[in-house]
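Number of protein chains: 2
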Amino acid sequence: MLIEIDFNSSEALYMQLRNQIILGIARDMLRDGDSLPSVRQLASELGVNMHTVNKAYALLRQDGYVKLDRRNGAVISVSLENRSYQVESIHSDMEMIVAQAICKDISLNEMQKLVQDMYDAFSARQTSIDIIVEEKE
Amino acid sequence: MLIEIDFNSSEALYMQLRNQIILGIARDMLRDGDSLPSVRQLASELGVNMHTVNKAYALLRQDGYVKLDRRNGAVISVSLENRSYQVESIHSDMEMIVAQAICKDISLNEMQKLVQDMYDAFSARQTSIDIIVEEKE
DNA sequence: CCTTTGTTATATTCATGCTATAACAAAGGA
DNA sequence: TCCTTTGTTATAGCATGAATATAACAAAGG
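Protein chains in written order, with my numbering: chain A, 2 to 138; chain B, 2 to 138.
Keep in mind that a hint or two might mislead.
One copy or any two copies: either way a pair holds, since identical chains are not told apart in the list.
[Said to hold, decoys possible] Straight-line C-alpha distance at most 27 angstroms; calculated BS3-like pairs for lysine-lysine: (1) Lys68 - Lys56; (2) Lys68 - Lys114; (3) Lys114 - Lys56; (4) Lys68 - Lys105; (5) Lys105 - Lys56.
These are computed hints drawn from the structure, not numbers from a lab. This structure is a prediction, so every number in the text was calculated from the model and none was measured.
Start from the sequences, fold in the hints, and give me the full structure.
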């Protein structure tokens, strides 16, 4: 799967990394049991520090997307245990998006179509085996 | 209308302020032509620095929610000029939310119901005249 | 005149992001 | 047994951004 890092973005590198992994899971390019590169390996390929990758992995574990152990490295494992916390986070994020949409005269139908199109797009994804690293300029 | 500021939140104060104003507009508590408190007055009531409020106001102007002039202060004025930029921002934000939702087994129907409920909630709001300031602990 | 408005400038303090280097225990392979 | 690799932790340094503190300015209005 593809990991894109934009060094010119104002978004933190570890946050970009976390988001890319979550997108990969949603697109079914990363499945339960799949291994992620080790923190040192991925850091080396991306050209960032080890701790930056480690921070992303620790965040993904905290939010229930991967499990980390010393022998297998980081392994995809989506947990539904603390789902209520995740759902609450999604709610508040969605509230701000809907508020902006209403202000900018985006109708309910437009928004629901947007959500549906995104669900379709995520479901229609292909699968790739290797993790390819790509950096934006 | 009510402005809540959480000093313990990890979210920047000026960003919280910006979001609260946008929520106020979406709830129809703030309408086109309504005046916001001056940067100094609101800063004084909230107990924050003048520049923090000024930063939020400048951001709101940049995103087309208010107009600022020297005589009337900040006035609500939702612009649909640079809408394409706003829509693009909404799209990328929504993409991450949907990705997380798919990972956490939230169905398309659940998400669309969530969007609809939020549209309903925003439309069913009452109106208040004064701007009341409230700080979280 | 005087006040208030947004705006700009400078400086300081503090938190965060990122890097650099190092070391540790645990597991697996040769 | 030795070596490598794994995640993890610790410490330090640097850069950036957030927030504050003062100060000053032009423009508008009473």
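Hint check:
Taking CA atoms no more than 27 angstroms apart as the test, Lys68 paired with Lys56 passes inside one copy only; the shortest distance there is 14 angstroms, against 40 angstroms between copies. In this assembly of identical chains, the alpha carbons of Lys68 and Lys114 never lie at most 27 angstroms apart, being 34 angstroms within a copy and 32 angstroms across copies at closest. In this homomeric assembly, Lys114 and Lys56 never come within 27 angstroms of each other (Cα to Cα): the closest approach is 35 angstroms inside a single copy and 34 angstroms across copies. For the homomeric pair Lys68 and Lys105, the shortest alpha-carbon distance between copies (15 angstroms) is at most 27 angstroms, but the shortest distance inside one copy (41 angstroms) is not.
When the C-alpha separation of Lys105 and Lys56 is checked against a cutoff of 27 angstroms, the pair qualifies only between copies, where the shortest distance is 21 angstroms, while the shortest distance within a copy is 36 angstroms.
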